[in-house]
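Chains as they are written, first to last, in this note's numbering: chain P, 1161 to 1278; chain S, 12 to 124.
Keep in mind that the hints were calculated from the coordinates and are not lab data. Note that beta-carbon positions come from the ideal geometry of N, C-alpha and C, so glycine has one too.
Pulled a few chain P residues facing chain S out of the computed Cβ check, cut under 10 Å:
#1 VAL1164
#2 TYR1196
#3 LEU1206
#4 PHE1268
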Amino acid sequence: GNSVTQMEGPVTLSEEAFLTINCTYTATGYPSLFWYVQYPGEGLQLLLKATKADDKGSNKGFEATYRKETTSFHLEKGSVQVSDSAVYFCALSDPAMGSGGSNYKLTFGKGTLLTVNP
Amino acid sequence: NAGVTQTPKFQVLKTGQSMTLQCAQDMNHEYMSWYRQDPGMGLRLIHYSVGAGITDQGEVPNGYNVSRSTTEDFPLRLLSAAPSQTSVYFCATKDRLSGNTIYFGEGSWLTVV
Chain P
1161 GNSVTQMEGP VTLSEEAFLT INCTYTATGY PSLFWYVQYP GEGLQLLLKA
1211 TKADDKGSNK GFEATYRKET TSFHLEKGSV QVSDSAVYFC ALSDPAMGSG
1261 GSNYKLTFGK GTLLTVNP
Chain S
12 NAGVTQTPKF QVLKTGQSMT LQCAQDMNHE YMSWYRQDPG MGLRLIHYSV
62 GAGITDQGEV PNGYNVSRST TEDFPLRLLS AAPSQTSVYF CATKDRLSGN
112 TIYFGEGSWL TVV
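Could you put the whole structure together from the sequences, leaning on the hints where they help?
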């Protein structure tokens, strides 16, 4: 079945440091890939996504590139801020199943807690 | 999280009690689902629905029931709560026609004592 493996945390950085959170996946088809962020006490918010190989998703200074050859979707940010402290989840959606080509179920990694200190 | 409303946000139950977590969406999305989030486990799919009248099991369906009588609502029922069901529950929705983005509610924190 599908699976997502992401870098275990916690990760602690100083403000303005470079961030990388590794994510690799296993899937039988051609999944879409996502990074979600969860701030303390809140739900999950979509941070960025990529739907096909070599696509780069980007948002709020974060970016990730869909690498089919290495089955990876690593999250990067050049200069983190205290406000980036959160849990980050890598996820993939099941390849199209059934009628209508509708991808729906998400498979999540276990999450990586990021703490950024001033 | 706009458009996906979960209630209650916090709940404490005694073992053996039943309750329903409510999820409502106003985006006319066909797909709705329930996940639970546990430390070190990420999010795991409990049940999902691809449209009114259609439901199916996810990874961890035992102890939970769902129904989808309308497009807007997708309640999750705990039939006889157990301490192992202490978790944070998230409802999620998706529109088949607007890509693969899944939208999450703000979560329901459930403690079973």
